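Put together the whole structure using the sequences plus the hints.
Chain by chain, the residues run as shown.
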Amino acid sequence: MRSRPVDRFFLYAAVVIVCAFLVFPIYWLLITAISPPDQLRALPPRFWPETPRWDVFGQIMRERPILLWLTNSTLAAVGSVVLSMTVSVLAGYSLSRFKVRGGQSLGLFILTAKMLPATLLVIPLFGIFRTVDLIGSLWSIILAHATLIIPFTTWMMKGYFDTIPRELEQAAMVDGCSPFGALVRVILPVSAPGLAATALYGFVLSWSDYAYARTFLTNAQTNWTANLGITTMKGEYISNWGDISAASILVALPILLIYLFLERYLVGGLTAGAEK
Amino acid sequence: MAGIRIENVTKSYGSLSVLKDFSLEVADGEFVVFVGPSGCGKSTMLKILAGLEEASSGTIRIGGRDVTDLAPGDRDIAMVFQNYALYPHLTVRNNMGFGLKMRGMDAAQIEMRVMNAAKILGVDHLLDRRPKALSGGQRQRVALGRAIVREPQAFLMDEPLSNLDAKLRVHTRAEISALHKRLGVTTIYVTHDQIEAMTMADRIVIMKDGVIQQIANPDTMFRKPANLFVAGFIGSPGMNFLRSPVTTMGGAAAVRLFGHDVRLEAPASLAGREIVVGLRPEHIGAGPGPVTFEITPRLVESLGSEKYIYVDVPEENRAQIDPADRQEEERRADTIIARLINPDERSAGERITLSFDPAHLHLFDAKSEVAIQ
Chain C
1 MRSRPVDRFF LYAAVVIVCA FLVFPIYWLL ITAISPPDQL RALPPRFWPE
51 TPRWDVFGQI MRERPILLWL TNSTLAAVGS VVLSMTVSVL AGYSLSRFKV
101 RGGQSLGLFI LTAKMLPATL LVIPLFGIFR TVDLIGSLWS IILAHATLII
151 PFTTWMMKGY FDTIPRELEQ AAMVDGCSPF GALVRVILPV SAPGLAATAL
201 YGFVLSWSDY AYARTFLTNA QTNWTANLGI TTMKGEYISN WGDISAASIL
251 VALPILLIYL FLERYLVGGL TAGAEK
Chain X
1 MAGIRIENVT KSYGSLSVLK DFSLEVADGE FVVFVGPSGC GKSTMLKILA
51 GLEEASSGTI RIGGRDVTDL APGDRDIAMV FQNYALYPHL TVRNNMGFGL
101 KMRGMDAAQI EMRVMNAAKI LGVDHLLDRR PKALSGGQRQ RVALGRAIVR
151 EPQAFLMDEP LSNLDAKLRV HTRAEISALH KRLGVTTIYV THDQIEAMTM
201 ADRIVIMKDG VIQQIANPDT MFRKPANLFV AGFIGSPGMN FLRSPVTTMG
251 GAAAVRLFGH DVRLEAPASL AGREIVVGLR PEHIGAGPGP VTFEITPRLV
301 ESLGSEKYIY VDVPEENRAQ IDPADRQEEE RRADTIIARL INPDERSAGE
351 RITLSFDPAH LHLFDAKSEV AIQ
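So the protein lines, in turn, are chains C and X. Here the working numbering is used: position 164 in the first sequence is 164, and no number is missing along the way. Here the working numbering is used: position 261 in the second sequence is 261, and no number is missing along the way.
Just so you know, these hints were derived from the structure itself, not from any lab. From a predicted model like this one, the values you see are computed outputs, not experimental measurements. Heads up, some of the hints might be wrong.
[Said to hold, decoys possible] Computed list of lysine-lysine pairs in DSBU-like fashion (alpha-carbon distance at most 35 Å, straight line):
id	chain 1	residue 1	chain 2	residue 2
1	X	K132	X	K167
2	X	K181	X	K101
3	X	K119	X	K167
4	C	K99	C	K114
5	X	K167	X	K224
6	C	K99	X	K20
7	C	K99	X	K181
8	X	K132	X	K224
9	X	K367	X	K307
10	C	K99	X	K47
11	C	K99	X	K101
12	X	K208	C	K99
Right, here's the structure in full:
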């Protein structure tokens, strides 16, 4: 059915409005980063600076250990994602495939754990990490992030495995795979879109953490993550919002790149053709 | 290749028993079809044979070897699934060679076997495609190819045609039969379609509620059904059932059908028993015969070369039968169908003469539903 021009006008108008809402903060972040400090609070506001200071990115990378912070954030995110995915792939697969006594209650328990606010765990985790001497170590936030990520990713993976026909691993087993072999050789390759989406979700969750890093890593400057580092750029009396915005853009870039890289997996459709 | 021996296999899920004491011996190279309505346990039995389900009790031997506790991959069987279960991330070539690779065969030999199987099935031009780029029929062939490259002791097929359209199903049915003749591999084939069972099987195992009802070749199954269930299940349209008490007539048993006393080829000792008389639609003819009756059809369906005449059953002959297929049983309770080949023009409401030969009647005990031989 062809839509009428007037319908299309409203549709496009709605799309433009929604995009404007989503894109405006990013645009404003960029403007703040590249505007000279005296133009930041100009009235009426300027929507593009007269002399954009593109060198701000190079400048803050020289002045601040941004690369070290990014490396720490990457290590923490990759570590927690690897740990979480290892656990949640196996847990999600078990919840999806094996009928065990109490399996449903266990699933619900994991679901409940998802509902707890992250901050609720800060103090008990601090106590545990102090006991095992992990405060100040990147391992503290790797483990802390994993505790947050695992319940989410387990349910995401369970949901994805539920959509994969059991006959696929049955066929693999008849072809000579062990149950674990069928998971690794057939189910995981087929689950690539689900794995990518789930891993990305965990990565973003870890990357955007501030509370845990602030609590566990404050006294270990060499292990600061990007988010923690950026907040130290805010002075008690003076804050250079241009520099903070520029640093924020640098920190957001890796996530953007990962999205672009994983896009082809995220669109899904790899299971097409498995069955009729 | 090898024979299969299934001994006293049972399967229960808690208190629910889905297979009750299943025993069967399949000869080397035989094509056996498990057939029955949904939930009769046929697919469960196949999965137990494949090792994908564990039997609650009983033993399974393939080629004389006890495989009851072996993993599916160690049983040397190949399976074709209802939904094909092709590996979507692998090409057709790799799908077919996957099982051989798992067994550590070298690449050159895998390639040779895959090519051979692909040629047999006419999919050799599709080897570099992924399953999503294939039609339903092509996927079906690849699934068959994946099974035959393995050169296993036995093929297990779980309703492999049910996802194909009617025309392709008939074509593939014949192909599978031809493939079986060519390869001679012992095959167990599961279907709910009695036509597939009749056309493909060396022997049919007909099941209901986890119990084998009859094991026989297709002709015997059709001519000498062991009970009412088998009689109703095999044949299309299904057998007509008429209920009547048995009397005697001239030293033999007799029943009253359509207002006529009909002398049976059965001893007079049956007298006094309540029986169900079975009459196949194709055994009712147009015009006068040994037992002739005049009726007004309720409905006439024309299929071109044949016509189905739907006739109301007299009140006294209506049979109440345990419904295996509720819709069909409801029809059978008060309607019989006559299948007339190349008949004259007929229409509903027009009175016609039909007849049958009592020699074609099947007799079943109304209570036990077992055939009276």
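Q) What are the numbers of the hints that this structure violates, sorted from low to high? A) Violated hints (numbers, rising): 7 and 8; every other hint is consistent with the structure.
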